[in-house]
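Novice: With the hints as constraints, model all of the structure from the sequences given.
Chains as they are written, first to last, in our numbering: chain A, 544 to 1033; chain B, 83 to 546.
Warning: the hint list may mix true and false statements.
To be verified - Straight-line distance between alpha carbons at most 25 Å, and here's what the computed DSS-like set of lysine-lysine pairs gives: (1) K526/B - K516/B; (2) K752/A - K290/B; (3) K591/A - K174/B; (4) K516/B - K752/A; (5) K495/B - K508/B; (6) K591/A - K678/A; (7) K861/A - K678/A; (8) K752/A - K591/A; (9) K174/B - K290/B; (10) K980/A - K526/B; (11) K526/B - K591/A; (12) K526/B - K142/B; (13) K142/B - K88/B; (14) K203/B - K174/B; (15) K516/B - K495/B; (16) K142/B - K203/B; (17) K495/B - K752/A; (18) K980/A - K861/A.
Hints are computed from structural coordinates only; laboratory data are not their basis. As the structure is a prediction and not an experimental result, all values here were calculated from the model.
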Amino acid sequence: MDSTVLRELEGIVGRENVLSSPDELQMYEYDGSVATGRPDCVVFPADKRQVAEIVRLTGRRSVPIVGRGAGTGLSGGALAREGGVQIVFSRMNQILSVDAENRLAVVQPGVVNWELSRAVAHLGLHYAPDPSSQKASTIGGNVSENSGGPHTLAYGVTTNHVLGLELVLPDGETVEIGGSAVDPTGYDLPGLLVGSEGTLALVVEITVKLTPNPELVKTLLAVFETADDATETVVALTVSGITPAACEMIDGWTIAVIEDWIHAGLPTDAGALLLIDVDGLRESAEGEAAAVAEIARRHHAREVRVARDARESETLWKARKNAFGAVGRVAPDYHSQDGVIPRTRLPETLRKIAEIGQKHGFVIGNVFHAGDGNLHPLIGFDRRDPSQLAHALAAADEIIAWCVEIGGSITGEHGVGMEKDRLMPLLFSPADIELMKRVRGAFNPLGLLNPGKIFPGGKSCGEIHVPASLPAVQQPAAPISDGSPATSPQ
Amino acid sequence: MSSAAKQLQSLAGIAGEANTSTDPQTLGAYAIDGRLPGVLVRPSSAEEIAEILRCCAADKLAVIPTAGATKLRIGAPPARYDVALVTTRLDKIPAYDPGDLTVSAEAGARLSDLLALLTEKRQMLPLAPPFLNQASVGGTVASGVDSALRHRYGTVRDFLLGIEFVTGDAIRAKSGGRVVKNVAGYDLHKLFIGSLGTLGVITRVNFKTFPVPEASGGFLASFANESGALELLRRIRHSPLRVTTLDVLNPALAALFASRTPSTAPDAPLPGSWLCGSSWAVAASFDGSDAALRRTTSELEGMAGEAGANATTLLAEDARPSLWVRIREWIPLLLDASPAATIVRVSALPTQLGEILGAAQLSGDRNELPVAILLRAVGVAYVAFLPGQSDEQTVGRLARAAGEVAEAAAAAKGFSFIAWCPPELKGQVSLWGKERADISLMRKVKQVFDPENVLSPGRYIGGL
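Specialist: This is the structure in structure tokens:
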């Protein structure tokens, strides 16, 4: 990178807040996905004024920029696909205000999701979107990706909890959209910006809703001999009129992998389990817990455990939220997919995934948001073996194609990023994509902001390596290693 | 051939002669603020809509999409109005998946027909907008009207999964999808909510549906003044109760509800003891199991007592709809009572609602206008000024009153929008209150979807 640009960046944020040596840049080349993209330099602004200055400078020099929170993303959204400057928001991590009476908070983008909930816990409030990465991922990153999480089944995803945003536009101007009251006048710009994957503007301040903690949460663990029984239970639950706060499924293979690490007391011989929260008024939650247990038993649950207290519930949720990390212990790499399907199609889809796995020589683990039909098939592989990587990606593509075929989506909460850009045409017509590109052009006319994302056909330096033809499947099937525990990005 | 005749001919070529008209009487139903379109066309498909828009964009003819024509009074008068594009023939419900709790309806389908279909499967959409029985699905999205059910379920933006639409330059496109969770591509559909037909013609709408609760209850508490009513709201907010709707009626609105029946819904007399014109009323509905209902009822009564209620009423199940239908159809009810009714939607933080109410009353007194107020606990106060006539002098007073309420909203860092008012008022005040800092971004958005500015020109914020 041009050394004058580096010096100017150092002038804005201080020398200690700019990284540019290859060693230092290496860790910013990755996120939680299998994609890579190396920035030419990384800067850590202290406030929104510095962000605006950086954006003006990079604009003048025609240097690409990309925002990054904690780098836990699963689609390459925060990677510098075309090099340039990566703006990391870790120093902008202040909760600027909390209004308990009106249940809202104003935060900087680098605030860690979990830290906000922790900071307002004494007020009986929490921040509802809870991606499994919430102990590391930032609210700014969550806003970019419109992150979900287990409890978004009842409470909604990030976009349902964002009231207003302050943006730095690619020309360096700062503007507020939305507001703190409901029903801001004019077009719903926050609705457009949330989930735009950092391609329209940089978010420097966020006004979010806070949610009151329910009076009672009951966590149930329903244990099944087969995945079919578990998925049929989800189908029955969906139409029953009960909306659990969360309804997660973990299949047999993944249960064993998790239990081996987390020791949550999961039944390692089970075919599948459902982890379900019901909450609300004591009377409602108790009634719904009984009804959920009844539906599970009707679908041959061999056991329905109800967590006795908050601690037991936390242990079970810890097991769920560390699933990706657990898989990271047994496979050097894993590829997680994020398709969505109509919930009525869950049973056949799980069978289809197993079939696709078999064809490509993998055991595919499934740990996912069953209640809203958001799949997370986990394909463990070893990227040092090009054949395995190729098969892992091919298997993932086949799963996604199936999701689309039955009326679903290519991504429910991880974003398109640079991982699924080539899959967008499965879902959207050339006209749909063209119109979205026009929107991007209206906000980001020079294309300097997070280039090479969402839309197919972007040129790229960063890559996901997809070989032209698929090598023959090699046995043994599931790659197993004794690698040390990976951190959980999901 | 005159230009109107030429337009008629080309539109008839697309939608068929029987589906176009220049008959003034037919056009009258689609008049906006006294202005008639040049021609009306009723296409039968998204393809035809695209063709119509291609024609119109080429000739720079202004097109205003509508179906039920129940909310055309919302928004500024059109700068131009050549074609009324009526989508009532797009009335199918092509997909309903009760097992997945999703439904997909064409834009011109009647909302009431869609709701009836869902009821068969004991499901529903949390939409109870005014003019429900005449309103279309697409119009409900595009007009951005809310309903009491937002307290529990949020607004359209919280359960709209995706839409299909045609842009001003005739591009047929879609956004979102039909599954309940989806982050693929930009959420363009959110921009269409409340956009008053300025970005595109919606052709199809996908919603998340909800199960009908097993049992429900209704509760009314009356108070001598607004501070008691607001105190009850605050107490409910701090309680673990989860109510479904929570609205406050000021005495003037309560009196209107007690004395009138909305013309837009079947007659259902309101029990005489429920509302009186001298009290503020807090109306709540709630649902759940019998045990949850019992607890909710008793705690609501307790909290109402602590807040100083002078009476509480548990609403008998068979009579309850009479109140809910008034809360739903309150806009037509007010417009019947006072055709020049000027209704300002003010949104503000819940803690600021008291100030807004105060400002509204004061403004009514100062300008000698009766004020009816419907307040939603989530932070929306509808302030309705109800003049007896609509002469020039009255319109002047309405303009002052509405302006004062808008100022109070801005001072409270809230938002205001004059949603319903006589056409004469529209030239005198800004309907959208204080100018927004992000208006230039909104202009860019409009430019993307409607580069020729042919869709509902001038109807929206900032002259868009």
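Novice: Indicate, hint by hint, whether the structure satisfies it.
Specialist: Hint check:
1. K526/B - K516/B: 20 Å, holds
2. K752/A - K290/B: It holds: about 22 Å lies between the C-alpha atoms, which stays within 25 Å.
3. K591/A - K174/B: The hint is violated at about 49 Å.
4. K516/B - K752/A: 24 Å, holds
5. K495/B - K508/B: The hint holds at about 23 Å.
6. K591/A - K678/A: Given that 25 Å is the threshold and the Cα spacing comes to 24 Å, the pair holds.
7. K861/A - K678/A: 11 Å, holds
8. K752/A - K591/A: 22 Å, holds
9. K174/B - K290/B: Cα-Cα ~17 Å, so holds.
10. K980/A - K526/B: 13 Å, holds
11. K526/B - K591/A: It holds: about 24 Å lies between the C-alpha atoms, which stays within 25 Å.
12. K526/B - K142/B: OK: K526/B and K142/B at ~19 Å, within 25 Å.
13. K142/B - K88/B: Holds, because 14 Å separates the two Cα atoms, which is no more than 25 Å.
14. K203/B - K174/B: 18 Å, holds
15. K516/B - K495/B: 10 Å, holds
16. K142/B - K203/B: 46 Å, violated
17. K495/B - K752/A: Roughly 16 Å between the alpha carbons, so the hint for K495/B and K752/A holds.
18. K980/A - K861/A: Distance ~40 Å between K980/A and K861/A Cα, so the pair is violated.
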